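Trainee: Residue numbers (my numbering), protein chains in the order written: chain A, 64 to 223; chain B, 137 to 594; chain C, 36 to 368.
Source of the hints: derived by calculation from the structure; they are not laboratory data.
In this text, all values refer to a predicted model and were calculated from it rather than measured experimentally.
Mixed in with the good hints, there may be bad ones.
Below, computed lysine-lysine pairings styled on DSS-like, alpha-carbon distance capped at 25 Å [what the hints assert, rightly or not]:
no. : chain 1 : residue 1 : chain 2 : residue 2
1   : B       : Lys361    : C       : Lys86
2   : B       : Lys555    : B       : Lys445
3   : C       : Lys284    : B       : Lys298
4   : B       : Lys200    : B       : Lys298
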Amino acid sequence: MPSRVIELVVNGRHRELLVRPGMSLLGALRDGLGLTGAKRGCADGSCGACTVMLDGKPVLSCLVAVETVDGAAVRTVEGMAPDGPLTELQQAFVDGFATQCGFCTPGILMAAEALLAENPEPTREEVVRAISGSVCRCTGYTAIVDAILAGAEARRGVTV
Amino acid sequence: MTELIDHDYFAGDGDDLHVVGTSVTRADALGHVTGRTQFFEDLLLADCLHLKMHRSERHHALLKRVDVSGALEVPGVVRVLTHEDVPENWYTVLRLIGVEPNDQPVLPEDRVLWRGEPIVAVVAETEASALEGAARVEVEYEDLPAVLTMEEALTEDAPIIKPHGANCFIYEGHPCRRIRFGNVEHAFAQADHVFEWRYESEPIEHAPVETTGCIVVPQPNGRLKIHSNTQAAFFTLDNTALIIGGPFNRLQLVGGTVGGGFGGKVDVIVEPIACLAALATNRPVEYVYSRLEEMQVSSTRSAEIFVVKDGVMADGRIVARKVTCYMEAGAYTGHTTYGVTKCAAHMPGPYSIPNVWVDAYCVYTNRTPTGPMRGFGVTNADFALETQMDRIARALEMDPLELRLKNAYRDGDLKAHRKVAEGAALVEVIQRAAELTGHELAEEYERMSSLTHAGVGV
Amino acid sequence: MSVLHGRGYAAVNYPTGMNLGGDPSQALIHATTTGTFVIALSSTDLGQGLKTVIPQIAAETLGLPVEYILLDTADTDTGPHCMGTFASRATHRVGNAVIMAAREARQAMLEVAALELGAEPEELATDGSGFVFVEDDPERRIFIVDLALAAHFKHGRTLSGRGIFLKEHHDPVPETGEMDPDSCQAHACTVADVEVDDETGEVTVLKLFNVYELGRVINPALVRQQIEGGAYMGMAHALYETTEPYYPKRDHLPSNFGEYVLPGPAEAPEMESVVIERPSSTGPYGAKGIGEMTANSPIAAIGNAIYDACGVRLTTRPFTPERVLRGLDALKS
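Could you build the full structure based on these sequences and the hints that come with them?
Mentor: See below:
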């Protein structure tokens, strides 16, 4: 079966890419567009490291056949602070020492962004639920949850 | 963030440090939160080939026939590698520091010893065609009896699965690593109580979020550049060079950014065959574990069994400790002989016990070869030893922290491996934990110190 | 039909360095004309923070701000030998190698500064600000960028250094096990508070108290990451992790994170952590290794807490709900 051209709006930019049959959105982003922030940890949806936003919703991009989302809007971690200062969320991760090896971080940031877009003042339980699809082997999660809450507060203009 | 460091203990010279001791922002945090940190697989190459393995489906079997013709017919497959393509077909990870034996082939010649053992490497234009090719390899097995537990492996009439004639590693003519310190039997006879209990731990997967892998890129000057997530760059380079032959300086390894290791990325298992594939094709080759391979094929923390026998006086002093322990190497030795020695060195735990006997076994079974994992040789041992301490405390109706304080080692004590202790602080961490949790200690225990023997029963 | 509370304890030590030694690491340092000191290594960062603590150690030794340190790792062409990051060895061995290299570079730096300032090297001091100054007359000073330019272009001096740390390898004596396994030992005491549901067998870790002695804390935030991340892994080891979920059947292996049971953020316990310092005579600024040990004492502390809660003594890890329930049944009969 031949490859075909599809269109995605990635981080606000129209991109055309050549995709092979069965190629995942993750593969298209990484190999097709060089956006390697989303990671391949399992290719079966069980680790969350590939999480990106698709038409405003968090998805496991390793499980999305990219041909089926021709024309969709995609946001990746690279689109969070494309050329300027870090978002409050990212800064909270830095200041709160919420990263160790960093491999799970992009996926978790995307899941957190998706949560905050819908719910700018989440409870701790809501944050926990939002990131429960992401595996982190290093941190034990508490610093991550704290950072998401702190980032949310900063975004709302509340001094922590 | 609450203050982490308690400066009240070991009041020292009050060093005037300006950056050591401060919470400097992580150097890699910015890269992590922007997704710009470069892990090995973030290297994008237009012309990269992909390597996938055909793996054994049997626990223990002779290889009667290995037919790769099916793989070669798959469109996109460019090369197939078998043991014949490996110049020095021994993978002995600790060979560089003189640890034997050569018992693990890179690709097996005539038999497989565990389900998942790699047999044939298939190199193709895409991952999909490499996987298809690997699936099309046909292997005819002649099953051999398999041992799947350590107990099985050590029974009298167990089938022997290793060529040296035993299902355990022989340490200088002896079936186990030994510690012999004092006279445990004499001490058991004198003790008020003798307790003997057994502990078991099941294997554990490192489960890093980033799987093991490498990309090998032939260089314009004929060298190979290995992009790897190994935990040990030169370890990997040197072992790979031994396997593929040729000058060591033909290889360059770059990396240093690992998405979680925990000991699972010191196995040097993907680089050698990927290098051979790169040399055979003169193209970049990626060999990365799928999550399934990371779960089932990559090394695990070994299953372990501990039997701990203690001679204890009525006042809580432990006068003898005899430990018999078994660490499962799985099908091949790997790092396990080292881990067993480290386990023996750790005995009897952080306590001064005048009579210690350890028999520590490295046991072979037809299972996934195990490897180092965070706390190698110690984690499961501490589970056994500290559960034992709790049981002794209960049996003697003694406070569990006071029992530990009474037996804690101090500076100047001779350890079971005959090294004189220094820098001890078990007493202090226990005292601080008691304070932290509102656990009252009797005054004599409050006054104890790692620097003296005051308060230790005679 | 109740939720039972219990508390358990465990106290451990842990060795720093590859067992029996023989695991060297080297470091090279040189200053460029930007006044920045580049450390060349072949060491790896697994997330534990080598890329942060090594520059801290170098900055401390050189007497410069950490912003003037760059770390270049890992490339075996340009970074000298390192045995690797494992066995809780990196901060200790690489740190010591970097101190040695930085001392040599610092001496060169002071000698050039002495020429520039018209003083003797022994009269000079640094305070971490980036200036080298005459201790008794601090107005006479030179900034590291100017110093580096002067060294290179005016005095023809390199501001560089070389370092290596090796604890020599010794084999054990076979008959007695006499051996020299490590460079120092770190210590820990964990107290675990748990809840056991005697109807489901599920164990919830409510809180872990982590007390550590680590020689010297190079970076408190990173040490906390290791303590708490490791405690969490210890809890995972204690209650969940096994590649044999259908023990004693050993042939069903997990294939992904769905089948390999790990706790998630909802299971994260409360933690309180304290570190005390007893500087090691062998460690960089007295630091001892910490990367591995943090998963160890939580396991027995949790097991002992389960016993305290419900009287079930679990001697096979992991402490699954099934094992707890079987234990409770055995107690009743």
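Trainee: Given the hint that lysine 361(B) pairs with lysine 86(C), test it: the Cα-Cα distance must not exceed 25 Å.
Mentor: holds, 22 Å
Trainee: Can you confirm whether the C-alpha distance between lysine 555(B) and lysine 445(B) stays at or below 25 Å?
Mentor: holds, 23 Å
Trainee: Does lysine 200(B) pair with lysine 298(B) here, judged by a C-alpha cut-off of 25 Å?
Mentor: holds, 19 Å
Trainee: Could you grab the alpha-carbon distance between lysine 284(C) and lysine 298(B) and see if it respects the 25 Å cut-off?
Mentor: Distance ~24 Å between lysine 284(C) and lysine 298(B) Cα, so the pair holds.
In the structure shown, no violation is registered for any of the earlier numbered hints.
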